[in-house]
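Colleague: One letter stands for each residue in the lines below.
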Amino acid sequence: MAEAHAPLAPAPAFTTLGRLSTPGLSIAPVDDLTIIGVTSFRQTAAETAARLRATVGIAPPDRPQRRSSGPLALQWAGPAQWWLMANGADASSRARDLRHRLDGLAAVVDQSDARAVVHVAGPHARDVLAKGAPVDLHPRAFAIGDVAITQAAHIGVTIALLDHKPTFEITLFRSYADSFAGFLLEAAGEYL
Amino acid sequence: MSPPRLQARRLATGGRIDRAAPLRFTFDGRSYDGYAGDTLASALLANGVSLVARSFKYHRPRGILSAGSEEPNALVELRTGARREPNTKATTAELFDGLEARSQNRWPSLAFDAMAINDVLAPVFVAGFYYKTFMWPAALWEKLYEPLIRRAAGLGRAADGDDPDRYEKATAFCDVLVIGGGAAGLMAALAAGRAGARVILADESFELGGRLLSDRRTIGQDPGDHWCRQAVAELASLPDVRLMPRTTVFGAYDGGTFAAVERVADHVAVPPPHAPRQRLWRVIARQAIVAAGATERPIVFGNNDRPGVMLAGAVRTYLNRFAVQPGTRAVVFTNNDDAVATMTDLIDAGVAVAAVVDARPQPPTHIAALAARLGIRMVSGVLTDADGGLGVKRARIRPHDGTAFDLPCDLIAVSGGWNPNVQMTTHLNGKPAWNETLAAFVPGRLPRGMHVAGAAGGDFALSACLAGGARAGVAAAVAAGFAAGASDLPEVDAETVSVTPLWHVADSRHKAFVDLQNDVAVSDIALAHREGFSAVEHLKRYTTLGMATDQGRTANVNGLAILAELTGRTIPQTGITTARPPFTPVALGALAGHHRGRAFKPERRPPSYAWAKENGAEFIEAGLWLRPSHFPRAGERDWLETVCREVNGVRSGVGVCDVSSLGKIDVQGPGALDLLERVYANGIASLKLGRARYGIMLREDGFVLDDGTVARLGPRHYFVTTTTANAAKVYQHLLFAAQWLWPDLDVTITSQTEQWAQYAIAGPRSRDLLARIADPDQDISDATFPYMAAGEIAICGGLSARLYRLSFSGERAYEIGVPARFGDALMRRLMAAGREFEVTAYGTEALGVMRIEKGHVGGAELNGTTTPGDLGLAGMLSQKKDYIGRVLGQRPGLTDPGRPRLIGLRPLDPTARLRAGAHFVPNGAAAVAANDQGYMTSVAFSPSLGHWIGLGLLSRGPERLGEIVRAVDPVRGGDTAVEVVSPIFIDRQGVRLRG
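As you go down the protein sequences, you meet chains A and B in turn. Note that our numbering gives residue 4 to position 4 of the first sequence, counting from 1, and the numbers run on in steps of one. Every position in the second sequence, counted from 1, becomes a number in our numbering once 1000 is added.
Isolated chain B (complex conformation) (with noise of 0.2 angstroms):
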């Protein structure tokens, strides 16, 4: 780096800027200066940078107002590509080497912007404007006017491409979080973990100190930095305090939870490797302490926007902590005491003070002392308007006498009083109360374990700050089980603190704002009450008044002090508008953390899927689950042609397919066999040990729930399958009956579908394929395990697995089940030893084709909507016992016959292609709602039959067999005619299953 270059405006010695490390930094394409230590913003003003911005509405030029989180005005952008970050405040935004900053906003350049045109239009473009004008025609709002008023109007774009950086969430746990890292704050956090408290210290900005960094204060005997420094030190010494620095408690939620964001790498050009660039924080804390500070209010007056009117309080941490004159020649407007300091301060910068500006009717006499002891004139009145285009040149001055002055200066130093930052005390619905001698809204009744300390309850003298931080620290700990003493307090030096309000000038000259961010002038909220928009939600959505991205930190109290006054209220009768997490912006980044692209949710994975992988599976999402959908060869033109040859395959030889998936449910004990008849709408009673039997399961109100097997694996042991999809929902539908319908049963349930790898072997050859890994002495000879049979056997040298006789494909089929961490070897060696019967892998495609083929119900038919009957069914319904849903499913509706019941299609035209979700019409009649007879669940290509087959689910459909009526798909286009068949398209007696 070539040497550093004059930083005009930064003063030779003092703040908290370390000038040994030397950053670079671009805005606007220029190249600048700065130090660490420094903001964007403290680094700009260094430079003599003051106009940063152009406004949201108005494109007014902007300059920077604050030095926190508040800010409204210094919005830019940072970074480039894929990092470009928008809308970031300059005032928060920490300097690195190489940080590449742009105003934004503004066309062609920030110091010349067309879209200016709108502040001379200002008359126009008043609150509600846009509701107003862009009425009419509706039509016209999505596709004309909302684009082009979001082109005008605007903030920052957001980045093109996927953000590169990591985010990560976390959860911390602690007897006492502290909220703030000022003065209040460290001494609390000193209390209690003096105490021995699990204490966590989160402070927004990158350094603690709060506003002691900002003042020049002496706590003891030393600085109050110096105080800051040590009590840091101690802290970090204490092995169960963390100090949480560039972290931003934005949120309070219930049980004692918190929200906060760690800014973990913004700091940097890019994130070191494996760090993330944020964190988000779920801090879970027995007891809190909001130390978070007060934000300074401004009083409103004309061209109050202009770039050099700054917060006094602002100024001074531009001074102190920064090192930086925010100008030359100031001139302060207060309505408070800190006018002391405000002067005292720039005067020892070296800037000159044109005058201060004390609106109170009888400025207390040590002010006009101190200003006579510095020869800064004094003047008891108000300054009605700032002078100047791109910034301040002059101060109009009105003294109380009723003349009225200008004063040439480049900064306005003001302050309205300071409004305590009681955000945390009210997101759990805690309603601030107005407290009418600070002239501001402190907390009110607080969420049981959060304590307020220092400015954030109301107290500004740096005494008080420390006795209260010390007090709520010692009260936290003693709440959280710890014994506590008090500590000793320093002394401070002398303070006093008094305000009397002043929220806006009356009659200036230029527009005066109350919310910078979104452009609200008082004007807005005159307009708005004359509307008749006088309550303070009402003027908040009709004005947009604080609603930007700052939630009108500086802009809230002084607007509906306004309001008040216009409606003749008081502030208290006036109310104050709910403030809502976050505190401040939080990127959506960091709300994801870990889980986007493949991390959006958990995988499961089957036990065969290194193995379908290494085959070139297709995958397809069931649930959580990745299941092969199909195996795709070499030289197949499409899906089509490899699942018709996975579907022939099976049909002519053996095919085998990972069915883990499915939900496996052990269920055990005496009252086994009760719950089951309880849960099952046919019998299971009669199931005989080793045999296993299909079953459906009933909601309370009588439609399907699920269907699956059970096996009896012993007297009172059976063995539950599921569908993929129900695996979860039945297994805690069983829990609910055991545990809370009838607890009197005696019946344990435990999920199994993890243990059993569990494969489907279907075809004419899957007995020879099973007998060569089954063991020499194991029978499996059709009399001794028939259809439906279930047992155990003994597999590849003396491995114990589970054999069912079970088909879903209408061919003679097996599921065989071994522990999981064979299942990975166990699909190997079926492919290896059934390659002399050339078996086929298949997947979830020709799974569904066989099923269709067979008339077999699957997802699309199981879809909460069916009854048994709908179905075909409702032969398996006891009726010799009660079970779940049998009263509910006899309803008449539930029973009635012209209800769409299942049923197969054939297209008339064998090359026609069947769509699902095709609605059916009678032949002959209009395609219209009222003709609707219900519609196609399933299709498939069945390559058994050379054209495509449906089911479906049509108004009295069994009885209409032969019949052929239309299948009408708007959506799509399609408009087949196709007849009603029988579901069963093959193999109706089930010669094939039984072998």
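Isolated chain A (complex conformation) (with noise of 0.2 angstroms):
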């Protein structure tokens, strides 16, 4: 029977969300990024920070913050926590070699699954989000490269400002997706 033995497909995390967009406000789920959680020891902090600089190329944040460079970013996740996400294939391949540089240094623990992921774009970002999420996120409070773990719509899901359109990453725990769907589509609705 050599079809029980066939790759299986991935699904997608969010089942009744797909890609919206107006000049206002777009949302996009995002399927493919790797999330690779990154906790370091304690006795060995300094130098889970040190090997993460120079493997990945990023400096570590010591706030909620997000560092990009290319394809690969790293990401505050707690004291000493953080995820390295990567987009596309080559940077999650990468990503997932970590695990080896950071032998006895770190937990590295894929969350690439346990996480859904959906970018909140445009104009009218802010407003829909200030719906759900009792966080400032006026430009002067929330610059580009800040992140905040909170919740929204009694979900937990933390908010990271990609640029300056302004594009929201809002990521959150997989079996949560369709509920957060429904928050995002109602507060959505009158600008889509």
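Don't read these hints as lab results, they were simulated from the structure. Bear in mind that the values here come from a model prediction, so they are computed numbers and not experimental data. Be careful, since some hints might not be right.
[What the hints assert, rightly or not] To be clear about the criterion: a stretch of chain A counts as covered by chain B if any three or more of its residues have a C-beta under 8 angstroms from a C-beta of chain B, and this derived list gives those stretches:
#1 68-79
#2 82-93
#3 135-142
#4 151-165
#5 174-181
[What the hints assert, rightly or not] To give an idea of the chain B side of the interface with chain A (calculated C-beta under 7 angstroms), a few residues:
#6 ASP1165
#7 ASN1615
#8 SER1800
#9 ASP1909
#10 PRO1910
#11 THR1911
#12 ARG1915
#13 GLY1917
C-beta: ideal position from N, C-alpha, C; glycine also.
Reassemble the complex: the two chains are provided individually, in unrelated frames, and hints are given to aid placement.
Modeller: Here is the structure:
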């Protein structure tokens, strides 16, 4: 029975949410982002940070921020904790190789499937997110590269500002994806 | 629309209404016309309608007292059907085309209300009447008295159907929140906005301007409302200023947090697509400026609740803002200088003024001079009573010289002075302070970051409002870190502000009301005082003064001043009741926002959700998770038949169940083993690489916290699973232990629940099914992968999966985990590949049946009151180490051999059904609490045995195997004889498990 061994097809985290775009607002689920959680052991925190910088080429942020270099980014996830995020297959395999580089220094745990990711972008993005997240996302308070670990519509989310459009990257636990999409579509309704 | 009809009381010119935008509405079924810019109240008055309501208790005819949110009388029902909205203030309801309004609390009609008999009986229905009269017999209160009273007293009817509109909640941040958009608020917002601060200006009306829209004032060279338009235009042009009309800030909370409700679409018949009806705002402000203005208070006199008695400020609002004559012949009754404007505006609008009655012993000469110039009779005295049935017909006037006379009129414009709207300054426990000169409470000590400007702070003069607003705006901006300079202050026309308090007129003939909405009269306050309720908080609760939906905004100060007179105390000695949020009523829909129906709370969907849905699964809520409970097939009679099929399918072949919702926690690091040894009650140290072990965690107090498994994936790498219910609790417990109890342990704890789609593959053919999807080079023979093995496996062409040989069912079983994105495809693959074994998808019901058959404890036994000993797990407790819960678990009460302990139960009558929750009593003993020996925790119909079985906690249970006890269920009426048996009903030796 050959087809029993055929590769399995990945399913998107959001089953009810597709790409939506108007001049004022765009919503785009992201399915191919690799997220590798790196949590340093306590004794080796400095070494972990140094090794990360050397291998990834990004200085690990020490507060809620995200720093990018090409297809790779390091996002703060807690004290001595980061997400190494990678776009595309090459970057993804580089990210996964990290486990060996950090052996004995940190716990390296794949979180790519644990999260659903969606980009909310455009002039009305802040208006939409204000209906869920109790975080000040005004440019004076939340600059490009800033990260907030918070909640929206009773769902834990991480919000990162990627660019000046503005594009907000929202990361949440995968099982909540459809509930979050329900909130997002209702909040965005007046701008779509 | 047919051409607009005559609005008898509408002025030909002026006002802020749009005569080019006529609107048609109905009131009590009659059609009327109004204009855009009207409130329902102003449109009714324009059409000569002044009787609009019946009062709460006495069903007295009521009209329109005010022009704002303090209105106690003019409460109406708006709209129809599912949008029906009771108790809405006509004075704030913005008119829209097609609005249907109805009076409430009257039968059969507004003009003739049968319940007005209560008014005749008023001497009986005094304060406390209900409590005194309907005390006995107490049983009748709920069934008879309360429903009757509720029917007679009352407000409007809530809508019968679900609210069809959407509501939402949002958060806004600003440097400076300005509460109130009158002269002071606009000036404050300008000062802060010009400095570059992020400003939010909120005002409850649909047009910004406050009293500048209602009073004919001059600022600089311009009429006040022109100055308003310019200020609003400038504010709108500033990029970081947000203007929020139709928005009531209703509460102040800690940390600069304010709650506000924005009426996004209350002013249209149906909200536009995707627009919410209302939006609840949480505003987080570094600085706040309370510029909420002031509320005029009436002077209390006889029949002061008759339609046609109106606050003088409201009279000016209707004349100037809405271009409406609220009457044709007025008497002005005052104790302050606002009478100047009231007289002038009435005369200019063509309303006859029969007299101005100034209660002050020596009315200022400029008022007498103005009255003389306008040809108005000036009386130094009081107005004691209004006369007239459904509306004012005469005013009874008693000059200070002791004479008395009547004057015909249909409007009494009354002003007792102004009360600053101090509410926002008191929500954080601020106490207002009495100001003798103003005869009013002004804000006391302010919360940090709060400023007050204008009439809200007792500055009643327009010049002071502008100056105070500018000052507060600068101060707030500077405190928020901006450089702000003083603005030029415009000149204003001449004004005087002087008041001599008069709370109520003594010796009125008729009932004189203090609280119009709750029908509390002066005589009720006197009665409360006689009966000993002389503290202001007691007075409030005994008489219900100030407890209506208007929070007594026109009543409280008069009420406590009258109490002060009665008790011979000063007003400060008498004190004031506490104002709490919300400032005005807030719809529950706004508080719920998006979270109603299925969105009440978020839902978590397991990886196989879509597949399960396609295959007809019934779902059950397990915490936030929606898990398939069973998969009914066509032709199956009921859930029991389905579940039996699923159980039999597993036990005779193979079944697959989504167990992804079980908690999964990755534990790594040099201290990983030490941590696990301390949180698990059983030994972990001997766990070998590539093996899994069942484990129990205790709470500090010795009771069982959770059970689960721990697998060793590397030398310092463990993988912990928990029950679905306790996933978050155990994760939190591990973090607490690692971060707080033993910070010296170097260990990382990472939730992996969501990373892995995990499926149980159970049954004698489970390995065969697994072999179908495992890559050809993978060895899953029992020699390599025995019971309790754990490791990686490649499936479906190289996908790295995790395999654990664990069993909850008692059968040979595996759990396989793949990255969650492949979960949907893996479930489909397993079902396809398993077709040759007649694979069965099973849900939580079959899972539960099989664990009961096997005597595994579940949520019903891990209920927070059971010890390891109670559950037959004492043998697992390690004697070689210390662990959380060990010491307190040794307390005598927890080791008492008489404690109820886990046993199995079998009905003597094999057809009898068992019920969870039934209590055990010895056979032959009475079913009373004294004989209670434990209870049934879990039951199932066992397809394997063909009868019902149960698990239970029975005192000394394991010592009583073979004994017959009774399972008594008083709630559902069951009484079943059951035999105490081993909790393991099938395969006691575990042969099937190991294969």
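Colleague: Does each hint fit the structure? Answer for all of them.
Modeller: Checked hints:
Interface restraint, the stretch 68-79 of chain A with chain B: violated (0 residues with C-beta to C-beta distance below 8 angstroms; minimum three). Chain B is given as covering the stretch 82-93 of chain A, and this is violated because 0 residues of the stretch bring a CB closer than 8 angstroms to a CB of that chain, at least three being needed. Interface restraint, the stretch 135-142 of chain A with chain B: holds (5 residues with C-beta to C-beta distance below 8 angstroms; minimum three). Here the stretch 151-165 of chain A counts 3 residues with a CB under 8 angstroms from a CB of chain B, which clears the bar of 3, and the coverage holds.
With a cut-off of 8 angstroms between beta carbons, the stretch 174-181 of chain A has 7 residues touching chain B; three or more are needed, and the interface restraint holds. Residue-level restraint check for ASP1165(B) is violated (minimum Cβ-Cβ distance to chain A is 12 angstroms; threshold 7 angstroms). Given the 7 angstroms rule on beta carbons, the hint for ASN1615(B) is violated: about 16 angstroms separates it from the nearest Cβ of chain A. Violation of the interface hint for SER1800(B) is found here, the shortest Cβ-Cβ separation to chain A being roughly 10 angstroms, above the 7 angstroms cut-off.
Interface hint at ASP1909(B): violated, since its Cβ lies 44 angstroms from the closest Cβ of chain A, which is beyond the 7 angstroms cut-off. About 42 angstroms separates the beta-carbon of PRO1910(B) from the nearest beta-carbon of chain A, more than 7 angstroms, and the hint is not met. With its C-beta approaching chain A no nearer than about 42 angstroms, THR1911(B) sits outside the 7 angstroms limit, and its interface hint is violated. Look at ARG1915(B): its Cβ only gets to about 33 angstroms from chain A, farther than 7 angstroms, so that hint breaks.
Because the beta carbon of GLY1917(B) sits about 31 angstroms from the nearest beta carbon in chain A, more than 7 angstroms, this interface hint is broken.
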